[in-house]
Amino acid sequence: MHGRAVREAAMKMLADGRSLSSVAAELGIARSTLRSWRDSGIEPVRRRPCFVCAGEPLPVPGAYAALLGYYLGDGYVSRQRSTYSLRVSCDAGYPGIVEDVGRLVAAVRGAGPVGHVRAPGCIVVVGYWSHWPCVFPQHGPGRKHERALTLTDWQREALRSHPADFLRGLFHSDGCRVANWTSHHVEGTTRIYEYARWQFVNHSEEIREWCTLALDVLGIPWRASNWKTISVSRRRGVEALDRLIGLKV
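FYI, my numbering numbers position 108 of the sequence shown as 109, with every residue one higher than the one before it.
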């Protein structure tokens, strides 16, 4: 049984000119079911008003901070006829991250289904909402690192008040936890030592700056391994990130 919000979103996509086949593939609904909904019609489901347009505080600041991290890492907002879509590309090998992004999209938007589009090695989490440009004012044509990005005051407050959630989105999209090693010569013997490290890689100077800002708020030591990589390799820092953002699953 499909919920009313799913039916409303499917009807919206069909009204925008999408084919039955494309909507069926994206939402995982039979074409015959979609055809029946289209022919019978349904009343629209009301979504949460846009908190940016209304000048209201963030209703779910923690969820927003995490989704902001995912968006800055692997997400983009694009025009879809009469509405907008938020798409976050996730590695198909981490179903837990796919589920996390889906929950966050639903929490921030407030209503409507979350779609999943499969591609080789990738699952794109999709949510439609006409106010995504309000929620993510960093959107625009071209790659993020090739244009100027600026956090609004309310976005910066969300980052500062929920830095761990923000880092979860960043590190689980454009980051990784790796095992490094080093060698020491002790009394003529070479000993190999392994240690864990979290790394965040992004070409945007501003996004790297916001990553280090969140790490500083949490008191987690970091260093720049190179011009595009932020590393957390001290044991207490790695343990803190393990605890606060969890492993990629």
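In case anyone wonders, no lab produced these hints; they're calculated from the structure. Honestly, I wouldn't trust all of these hints.
[What the hints assert, rightly or not] When the alpha-carbon atoms are kept at most 25 Å apart in a straight line, the in silico DSS-like pairs for lysine-lysine are as follows:
| no. | residue 1 | residue 2 |
| --- | --- | --- |
| 1 | Lys145 | Lys249 |
| 2 | Lys13 | Lys145 |
| 3 | Lys229 | Lys249 |
So, going through the hints one by one against the coordinates:
About 24 Å separates the Cα atoms of Lys145 and Lys249, which keeps this hinted pair within 25 Å; it holds. Our distance criterion of 25 Å between C-alpha atoms is broken by Lys13 and Lys145, whose separation comes to about 29 Å. Distance check on the hinted pair: Lys229 and Lys249 sit about 21 Å apart at the alpha-carbon level, within 25 Å; holds.
Checked against the numbered hints given earlier, the structure breaks only hint 2 and satisfies all the rest.
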